[in-house]
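Undergrad: So the chains spell out like this:
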Amino acid sequence: MSEPIITFDKVNKWYGNNFHVLRDIDLKVARGERIVICGPSGSGKSTLIRCINRLEEHQQGRLLVDGVELADDVKAIDEVRKKVGMVFQQFNLFPHLTVLDNLTLSPMWVGKLPKKEAEEKAMQQLERVRIAEQASKYPLQLSGGQQQRVAIARALCLTPKIMLFDEPTSALDPEMIKEVLDVMIELAGQGITMVCVTHEMGFAKAVANRVIFMDQGQIVEQNNPHAFFKHPQNERSRDFLSKILGH
Amino acid sequence: MSAPTFQPIPPRPAPTNTEGLLAWLRSNLFGDWKTASSTIILGGLLLWFVPQFLNWSLVSAVWAPDLKACRAAEGFGACWGVVAEKNRLIIFGRYPFEQQWRPLVATLLMLAMLVASCMRPFWKPWLAGAWLAVLVIFFVLMYGNTLGLAKVETDRWGGLPLTILLSALSIVMAFPIALVVALGRRSDLPAIRAFCTIYVELIRGVPLISVLFMASFMFPLFMPQGLTIDVLIRVLVGITLFAAAYLAEVIRGGLQAIPKGQIEAAATLGLSYWQTQRKIVLPQALAMVVPSIVNSFISIFKDTSLVSIVSLYELTGALDMAINADANWKPFKLQGYLFIALIYFIFCFSMSRYSQWVEKQVNISKQR
Numbered sequence: 001m002s003e004p005i006i007t008f009d010k011v012n013k014w015y016g017n018n019f020h021v022l023r024d025i026d027l028k029v030a031r032g033e034r035i036v037i038c039g040p041s042g043s044g045k046s047t048l049i050r051c052i053n054r055l056e057e058h059q060q061g062r063l064l065v066d067g068v069e070l071a072d073d074v075k076a077i078d079e080v081r082k083k084v085g086m087v088f089q090q091f092n093l094f095p096h097l098t099v100l101d102n103l104t105l106s107p108m109w110v111g112k113l114p115k116k117e118a119e120e121k122a123m124q125q126l127e128r129v130r131i132a133e134q135a136s137k138y139p140l141q142l143s144g145g146q147q148q149r150v151a152i153a154r155a156l157c158l159t160p161k162i163m164l165f166d167e168p169t170s171a172l173d174p175e176m177i178k179e180v181l182d183v184m185i186e187l188a189g190q191g192i193t194m195v196c197v198t199h200e201m202g203f204a205k206a207v208a209n210r211v212i213f214m215d216q217g218q219i220v221e222q223n224n225p226h227a228f229f230k231h232p233q234n235e236r237s238r239d240f241l242s243k244i245l246g247h
Numbered sequence: 001m002s003a004p005t006f007q008p009i010p011p012r013p014a015p016t017n018t019e020g021l022l023a024w025l026r027s028n029l030f031g032d033w034k035t036a037s038s039t040i041i042l043g044g045l046l047l048w049f050v051p052q053f054l055n056w057s058l059v060s061a062v063w064a065p066d067l068k069a070c071r072a073a074e075g076f077g078a079c080w081g082v083v084a085e086k087n088r089l090i091i092f093g094r095y096p097f098e099q100q101w102r103p104l105v106a107t108l109l110m111l112a113m114l115v116a117s118c119m120r121p122f123w124k125p126w127l128a129g130a131w132l133a134v135l136v137i138f139f140v141l142m143y144g145n146t147l148g149l150a151k152v153e154t155d156r157w158g159g160l161p162l163t164i165l166l167s168a169l170s171i172v173m174a175f176p177i178a179l180v181v182a183l184g185r186r187s188d189l190p191a192i193r194a195f196c197t198i199y200v201e202l203i204r205g206v207p208l209i210s211v212l213f214m215a216s217f218m219f220p221l222f223m224p225q226g227l228t229i230d231v232l233i234r235v236l237v238g239i240t241l242f243a244a245a246y247l248a249e250v251i252r253g254g255l256q257a258i259p260k261g262q263i264e265a266a267a268t269l270g271l272s273y274w275q276t277q278r279k280i281v282l283p284q285a286l287a288m289v290v291p292s293i294v295n296s297f298i299s300i301f302k303d304t305s306l307v308s309i310v311s312l313y314e315l316t317g318a319l320d321m322a323i324n325a326d327a328n329w330k331p332f333k334l335q336g337y338l339f340i341a342l343i344y345f346i347f348c349f350s351m352s353r354y355s356q357w358v359e360k361q362v363n364i365s366k367q368r
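Order-wise, the sequence lines are chains A and B. My numbering puts the first residue of the first sequence at 1, with every later residue one more than the last. My numbering puts the first residue of the second sequence at 1, with every later residue one more than the last.
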């Protein structure tokens with residue numbers, strides 16, 4: 001097996017002095033691997049993926065992303081952020097910019113691409129998420145599902161090696177979840193490394209190589225989706241699965 | 001049996017008319033007995049008051065600078081003659097009488113520049129250069145001492161040109177300072193945060209008059225012998241620092257309303273701190289506080305009238321000086337005040353209308 005693209009080595013994190021949110025996390029993600037993280041709220045799953053692009057900093061242990069160690073070095077952080085795209089629960093599109101400007105912002109200002117090239121690239125990504133016809137609209141003029149697809153396209157404009165998804169469908173109306181999941185499934189087929197926090201078990205079964213179950217800041221269990229859903233080993237994961245699948 | 005098909009009900013018009021003049025009158029003026037009676041009472045008061053005011057201010061008013069006629073009309077007609085008599089002194093203050101074309105040209109130029117700066121087609125990089133040129137021309141015209149123009153010391157500048165100069169310059173300089181201070185108060189670096197907080201609290205804690213006093217009388221005491229800074233510049237700096245503190249708080253209010261997710265999204269896209277502020281945070285924050293910003297601008301404009309306490313005679317000070325010096329016209333000071341009130345109102349109302357236009361522009365993205 002080649003060198004993992006993400007390595008957590010005994011990573012610990014606290015909020016304040018007493019809230020131990022990540023406890024001794026050991027995790028290796030292989031290149032092109034697709035991981036789904038699930039677990040009850042407050043289990044630290046969002047914090048875990050937010051450490052990967054340093055939206056949160058860890059206090060103990062080592063965290064390497066594509067060979068770069070994340071510590072206080074600002075250059076390293078910038079370098080990692082260029083390789084990692086992120087999609088948020090609340091989309092976090094920039095409401096004062098059109099869809100196209102949302103996409104070209106970073107390529108033009110960080111990647112120093114000329115405007116025309118950035119726009120061409122952006123249109124390609126918009127086609128990829130099937131929303132090219134909305135390019136000149138403002139985010140708030142779109143539906144939730146459309147906004148989230150724009151957010152995915154925006155992250156893809158950086159041609160990242162890793163995509164992080166932090167509950168991408170949790171804020172969507174039920175009728176719109178599918179259009180976002182379809183785009184994510186398509187993306188999964190294209191070999192990009194994906195780490196998704198989600199409770200969409202159908203999605204996990206369809207695309208994940210590995211499901212990780214977290215509780216109270218720890219990785220409780222990890223397995224391939226088939227085994228995880230059929231025969232959860234840990235009592236805690238069994239309990240969790242029975243609650244979310246139990247009707 | 002086949003499944004029932006969905007049958008949409010066709011839309012129907014509302015049962016009572018809600019559009020047009022009659023509907024408007026009904027819902028706004030005569031909705032129930034309370035609104036109807038207040039409409040009648042207020043309408044009656046207007047009918048009683050407006051004709052009297054029009055009679056006083058227009059029909060029976062004396063327009064010519066004729067002191068006798070003014071005295072005769074006292075009590076029932078306004079004496080606009082005082083404005084006709086003193087207008088040059090009110091508008092240009094103590095500026096040498098025969099040279100007053102210079103402040104007139106300088107002010108018109110400055111006003112043209114202000115109006116142009118408000119219009120979108122002129123928002124180009126060269127606008128900054130044009131401003132610099134206009135300021136230089138303004139000072140050359142006003143101060144002279146070159147190009148064959150006689151020298152006019154700044155303490156003789158006055159009236160409307162001084163009001164416009166003080167407010168335009170202090171607004172233009174206060175705004176960037178306020179941006180930096182507002183960002184500084186939210187900085188991660190404790191020293192910067194403390195400095196900005198202390199600045200805002202200190203300046204906000206004192207009245208503008210005392211800032212002007214300090215700029216005008218105390219500051220020179222601390223300067224080395226022989227080195228003096230013109231009182232106009234000291235006062236300008238005073239007003240600027242004062243205005244910047246208030247503006248900074250207004251802007252900080254907007255900054256606080258930006259959700260954290262916006263900044264996180266910018267960070268994940270690799271934007272630097274300044275890029276994030278410039279491209280993401282400030283455009284949204286400023287758009288939210290346009291009304292308060294213009295509010296501050298309007299107060300700066302009117303607060304410049306306080307500089308008369310340090311012997312700079314801007315519009316209000318010039319009026320005082322013009323009328324107090326002449327016992328004959330002193331009884332008609334009210335009309336003089338109404339005249340400059342009209343000037344102030346024209347400027348403030350324009351700013352207010354402009355702010356509404358800006359609000360509409362920045363809210364385009366919020367229309368669904």
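I should point out that these hints are in silico values taken from the structure, not numbers from a laboratory. C-beta atoms are modelled at their ideal positions from N, C-alpha and C, and glycine is treated no differently. Be careful, since some hints might not be right.
What the hints assert, rightly or not - Which stretches of chain B does chain A cover? Using the computed rule of at least three CB atoms under 8 Å from a CB of chain A, they are:
id, segment
1, 169 to 183
2, 258 to 264
What the hints assert, rightly or not - With a Cα cut of at most 25 Å, we get these calculated PhoX-like pairs of lysine-lysine:
id, chain 1, residue 1, chain 2, residue 2
3, A, 230, A, 161
4, B, 302, B, 333
5, B, 330, A, 112
6, A, 112, A, 28
7, B, 68, B, 333
8, A, 230, A, 243
9, B, 330, B, 68
10, A, 75, A, 161
11, A, 137, A, 75
12, A, 116, A, 75
13, A, 137, B, 68
14, A, 121, A, 83
15, A, 137, B, 360
16, A, 112, A, 83
17, A, 116, A, 82
18, B, 260, A, 82
19, A, 28, A, 75
20, A, 28, A, 230
21, A, 161, A, 116
22, B, 302, A, 137
23, A, 82, A, 121
24, B, 360, A, 116
25, B, 366, A, 75
26, B, 302, B, 330
27, B, 333, A, 115
28, B, 302, A, 83
As the list claims (entries may be wrong) - Some chain A residues close to chain B (C-beta under 7 Å, calculated; not the full set):
id, residue
29, 109
30, 110
31, 112
32, 114
33, 170
Undergrad: When you check the alpha-carbon spacing of residue 112(A) and residue 83(A), does it fall within 25 Å?
TA: holds (16 Å)
Undergrad: Is the listed coverage of the segment 169 to 183 of chain B by chain A valid when you require three or more residues with a beta carbon under 8 Å from a beta carbon of that chain?
TA: violated (count 0)
Undergrad: Given a cut of 7 Å on the nearest C-beta pair, is the interface hint for residue 114(A) held or broken against chain B?
TA: Cβ of residue 114(A) sits 17 Å from chain B, so the hint is violated.
Undergrad: With a cut-off of 25 Å on the C-alpha distance, tell me whether residue 333(B) and residue 115(A) pass.
TA: violated (62 Å)
Undergrad: Verify the proposed pairing of residue 302(B) with residue 333(B), using a straight-line Cα cut of 25 Å.
TA: At roughly 19 Å apart (the allowed maximum being 25 Å), residue 333(B) and residue 302(B) satisfy the hint.
Undergrad: Check the hint pairing residue 260(B) with residue 82(A) against an upper bound of 25 Å on the C-alpha distance.
TA: holds (20 Å)
Undergrad: Would you mind confirming whether the straight-line C-alpha gap from residue 68(B) to residue 333(B) stays at or under 25 Å?
TA: holds (16 Å)
Undergrad: Hint check: residue 302(B) vs residue 137(A), CA-CA at most 25 Å. Holds or violated?
TA: violated (41 Å)
Undergrad: Measure nothing beyond the straight line between the CA atoms of residue 137(A) and residue 360(B); if it is 25 Å or shorter, mark the hint as holding.
TA: Since the Cα atoms of residue 137(A) and residue 360(B) sit roughly 17 Å apart, the hinted pair holds (cutoff 25 Å).
Undergrad: So if I understand the rule, the pair passes when the alpha-carbon distance is 25 Å or less; does residue 112(A) with residue 28(A) pass?
TA: Distance of about 33 Å is beyond 25 Å: violated.
Undergrad: Taking only the CA atoms, is the gap from residue 366(B) to residue 75(A) under or equal to 25 Å?
TA: Not OK: residue 366(B) and residue 75(A) at ~36 Å, beyond 25 Å, violated.
Undergrad: For residue 302(B) and residue 330(B), compute the direct alpha-carbon distance and say whether it is at most 25 Å.
TA: OK: residue 302(B) and residue 330(B) at ~24 Å, within 25 Å.
Hint check: violations occur at hints 1, 3, 5, 6, 11, 12, 13, 22, 24, 25, 27, 28, 31, 32, 33; the rest are consistent with the structure.
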